[in-house]
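Peer 1: Sequence:
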Amino acid sequence: MATCGSFLSFCGAHPRGPPGMSAACAPSSCASAVASSRRRRVATSCSARRALPPMPPLNPRDPFLSKLASLAAASPEALTSRPPSQDPDMPPYLDLFDTPKLMATPAQVERSVSYNEHRPRKPPPDLPSLLLHGRIVYIGMPLVPAVTELVIAELLYLQWMDPKEPIYLYINSTGTTRDDGETVGMESEGFAIYDAMMQLKNEIQTVAVGAAIGQSCLLLAAGKKGRRFMMPHAKAMIQQPRVPSSGQMPASDVLIRAKEVINNRDTLVKLLARHTRNSVEEVSKVMRRPYYMDSMRALEFGVIDKILWRGQEKIMSAVASAEEWDRRSGIKVVDGM
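Per this note's numbering, residue 1 is the first one in the sequence shown, and the count goes up by one each step.
Because the hints were derived from the structure by calculation, they are not lab data.
Only pairs whose alpha carbons sit at most 16 Å apart, straight line, appear in this in silico EDC-like list of lysine to aspartate or glutamate:
1) 225 - 300
2) 201 - 165
3) 225 - 203
4) 306 - 294
5) 224 - 305
6) 235 - 305
7) 224 - 195
8) 235 - 294
9) 164 - 203
10) 285 - 266
11) 225 - 305
12) 235 - 300
13) 201 - 162
14) 224 - 165
15) 270 - 282
16) 270 - 195
17) 224 - 203
18) 235 - 179
19) 270 - 281
Ranges between beta-carbon positions, derived for each pair:
20) 280 - 321: 18 to 24 Å
21) 280 - 310: 32 to 38 Å
22) 288 - 178: 18 to 24 Å
Idealized CB from N, CA, C, for every residue including glycine.
All chains should be modelled from the sequences, with the hints used to inform the complete structure.
Peer 2: Shown next as structure tokens:
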């Protein structure tokens, strides 16, 4: 057998063996010895693999799994020979450390960026910011200082972004008054937006949705000629500026405010006459009382250029106005009614 052991590799290299070899060193006995040796090595390695504890997938950002992997590599006996944990609520292997600490609480994992890479890293923008991507400025409140500040800032920003692309101004506002007639802002709020529109290099297209009353009607008429629109059931109305509440003011201060309101009225009349292509006398006449206009009347008065119907422009263009119906019927409207 010693001879066979010394010539084991040689016998494996030459299956038939050299001439004159003893029967103990036959190729069949060498092959069986090699096979049994291999089976012993495979059994030893399999038992060693079965002895190692199952390892979870290693996350390099998790300090707990990193410590657990280093401990298993250094002394695997500490993991295989340890008794099971007495606390059923304790996660496995966590009691190996003096001060156990998990990677993060569920709330921290929920807030972490690595929890879902497709979630936004910062809060989404507000609605006016989203509308700016479409170059849309929406006025949906009375013209108070906060609304004026936002609208002018958006107009200036869109001009800075691209001074050649048009800006779309959507209007649904009661101007400087509420729907019940109470004054909520000074007339200068509407004039400020108007002046900003006139100073911009961009073409401004206006669209009336809902209502355009008072100063908002001026903003609607101040759009680009041919690009002033109105929804079919929107309303436009022009009226004289109102005197704010005077309270306990002295009579001289009330007189000063009244003169300022008259100046604002004259300015509003001149601007409306310019953009509607009507005379100052005609605009002053209709502004004696609140003058409401539906889409057809606003088109005739020159506030807008087109009604945004879906394929019904031809039908509505053939409809006679209220004044035409009165004229055909022989009804005469008394001045001032």
